[in-house]
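A.B. asks: For reference, the chains in residue letters:
Number of protein chains: 2
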Amino acid sequence: MIHNFTTDHQVNHRSIRQFKDQSLTAEQLTTLYEAARHTSSSMFLQQFSILHLTDPKKRAAVREISKQSYVGANGDLFIFIAVLYRNQQIRHQLGNDDGRLHTTDIFMQAAEDAILALQNALTAIESMGLGGVVLGSIKNDPEKLIQVLDLPKMTFPILGLQVGIPDQEPQLKPRLPLDQITFDNNYPRNFNISELKNYDQTVTTYYDLRDANKRIDSFTNQINGPKLNQHESSRDKLLQALHDQGLALN
Amino acid sequence: MIHNFTTDHQVNHRSIRQFKDQSLTAEQLTTLYEAARHTSSSMFLQQFSILHLTDPKKRAAVREISKQSYVGANGDLFIFIAVLYRNQQIRHQLGNDDGRLHTTDIFMQAAEDAILALQNALTAIESMGLGGVVLGSIKNDPEKLIQVLDLPKMTFPILGLQVGIPDQEPQLKPRLPLDQITFDNNYPRNFNISELKNYDQTVTTYYDLRDANKRIDSFTNQINGPKLNQHESSRDKLLQALHDQGLALN
Numbered sequence: 000m001i002h003n004f005t006t007d008h009q010v011n012h013r014s015i016r017q018f019k020d021q022s023l024t025a026e027q028l029t030t031l032y033e034a035a036r037h038t039s040s041s042m043f044l045q046q047f048s049i050l051h052l053t054d055p056k057k058r059a060a061v062r063e064i065s066k067q068s069y070v071g072a073n074g075d076l077f078i079f080i081a082v083l084y085r086n087q088q089i090r091h092q093l094g095n096d097d098g099r100l101h102t103t104d105i106f107m108q109a110a111e112d113a114i115l116a117l118q119n120a121l122t123a124i125e126s127m128g129l130g131g132v133v134l135g136s137i138k139n140d141p142e143k144l145i146q147v148l149d150l151p152k153m154t155f156p157i158l159g160l161q162v163g164i165p166d167q168e169p170q171l172k173p174r175l176p177l178d179q180i181t182f183d184n185n186y187p188r189n190f191n192i193s194e195l196k197n198y199d200q201t202v203t204t205y206y207d208l209r210d211a212n213k214r215i216d217s218f219t220n221q222i223n224g225p226k227l228n229q230h231e232s233s234r235d236k237l238l239q240a241l242h243d244q245g246l247a248l249n
Numbered sequence: 000m001i002h003n004f005t006t007d008h009q010v011n012h013r014s015i016r017q018f019k020d021q022s023l024t025a026e027q028l029t030t031l032y033e034a035a036r037h038t039s040s041s042m043f044l045q046q047f048s049i050l051h052l053t054d055p056k057k058r059a060a061v062r063e064i065s066k067q068s069y070v071g072a073n074g075d076l077f078i079f080i081a082v083l084y085r086n087q088q089i090r091h092q093l094g095n096d097d098g099r100l101h102t103t104d105i106f107m108q109a110a111e112d113a114i115l116a117l118q119n120a121l122t123a124i125e126s127m128g129l130g131g132v133v134l135g136s137i138k139n140d141p142e143k144l145i146q147v148l149d150l151p152k153m154t155f156p157i158l159g160l161q162v163g164i165p166d167q168e169p170q171l172k173p174r175l176p177l178d179q180i181t182f183d184n185n186y187p188r189n190f191n192i193s194e195l196k197n198y199d200q201t202v203t204t205y206y207d208l209r210d211a212n213k214r215i216d217s218f219t220n221q222i223n224g225p226k227l228n229q230h231e232s233s234r235d236k237l238l239q240a241l242h243d244q245g246l247a248l249n
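As given, the protein sequences belong to chains A and B, one line each in that order.
With numbering that gives the first Met the number 0, you'll find the first sequence wraps up at 249, consecutive numbering, no jumps.
With numbering that gives the first Met the number 0, you'll find the second sequence wraps up at 249, consecutive numbering, no jumps.
Same chains, same label: a pair holds when it works inside one copy or across any pair of copies.
With a cut-off of at most 30 Å between alpha-carbon atoms, the simulated DSS-like pairs for lysine-lysine come out as follows: (1) K152 - K196; (2) K152 - K236; (3) K152 - K66.
Keep in mind that the hints were calculated from the coordinates and are not lab data.
Model, not experiment: these values are computed from the prediction.
Can you build the whole structure from these sequences, using the hints too?
C.D. replies: If you want it as structure tokens, here you go:
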């Protein structure tokens, strides 16, 4: 592969979950924002925003939803939001109707805007020698989260991002090999679990080195376990929460 | 803001839609793949893959769906796919059921994996002095696209990415100002279109410089126009196409 300042950071990406007790400087914050702002936007609709949570009560409330102690602890917490509210207001104030804003198509475009921008924000953070972690866990209870953030209709929280000065040096987590995730022209229909034998061993070794006292699980065992097993989950309020916000109705 | 090799590229991002007649080198291709592979993955489920379309017939078929002449023309075309198929197969081959794989929650996690990885791929491309454009247009007809790509159930095409050696130097497209997309703690409910007066003027000037012969539209006029107006669209087959693939069923 071709090595440069950017790609070297990319292939050395670790999620950082422990930060020093220090917030971003104003310049670092602006850099994160500007990187996000210049991200590609679907059909130039610009349907995302970033909520920076500095209020200790809101941070604690999001932490409680995410059930992860590092969320809203040291460092800075951001919520990337799909925002169809702005475009709805523009249309209303120009005397028009909501048009296609309630479709699944337009919601997904907004979600794409927010997610692409988040990756750019994280890339900017890592380029400055800082670290971060993407937080899917904020959606553990989507209805509660919308209530806590007091979000208007036609907006939806997509992902969180916790960033700061790293206070840990985790190992690089082994990913599926390229031949499992890149294909020419055809997606193969003949996946056999035996293809992951070596990878499972690599993952097991990784966990063993990380914490010898913790139960070690191969990749395929994780996939076969509680993460994906059927269970009652407030995460399944997602679709209802989207609909309640006026989004992805058809 | 803080300037470095990475953030300078980020704030100078332009979508490139015209490429020289040359494909990525093997090394450039690997770099794109490795950047994507090391992207954060929701719950370590690793639910995405990249399809590299080199077959002229497939490229032409995707171009026809996207209705954009540069799609699958010069340069390289990639389709970023949400892949729940792999994890379904792992569970089946270990004697388990599908678990939560058909939920909207788990589909969205897969889509997030694919979208984050795509931004990382584009960032890697731009760091190598190449250019690219994110293709939402591949979903103009989701059912047709799935058919053309011959995708198995439990997979779904999320976004395309066309990359290559730039053969144009477009102006930087003006984005909404930071005070419209970044907020502390509360998302404001009092948006007034008058806040966008200056921005509208900036966008109009941008289009005027880009092509003096083309109709010039401010941002708010675009939002108030055909893009979001109600109309019959094969893009609205999205939800049905997802369901047909076994995804986001509840």
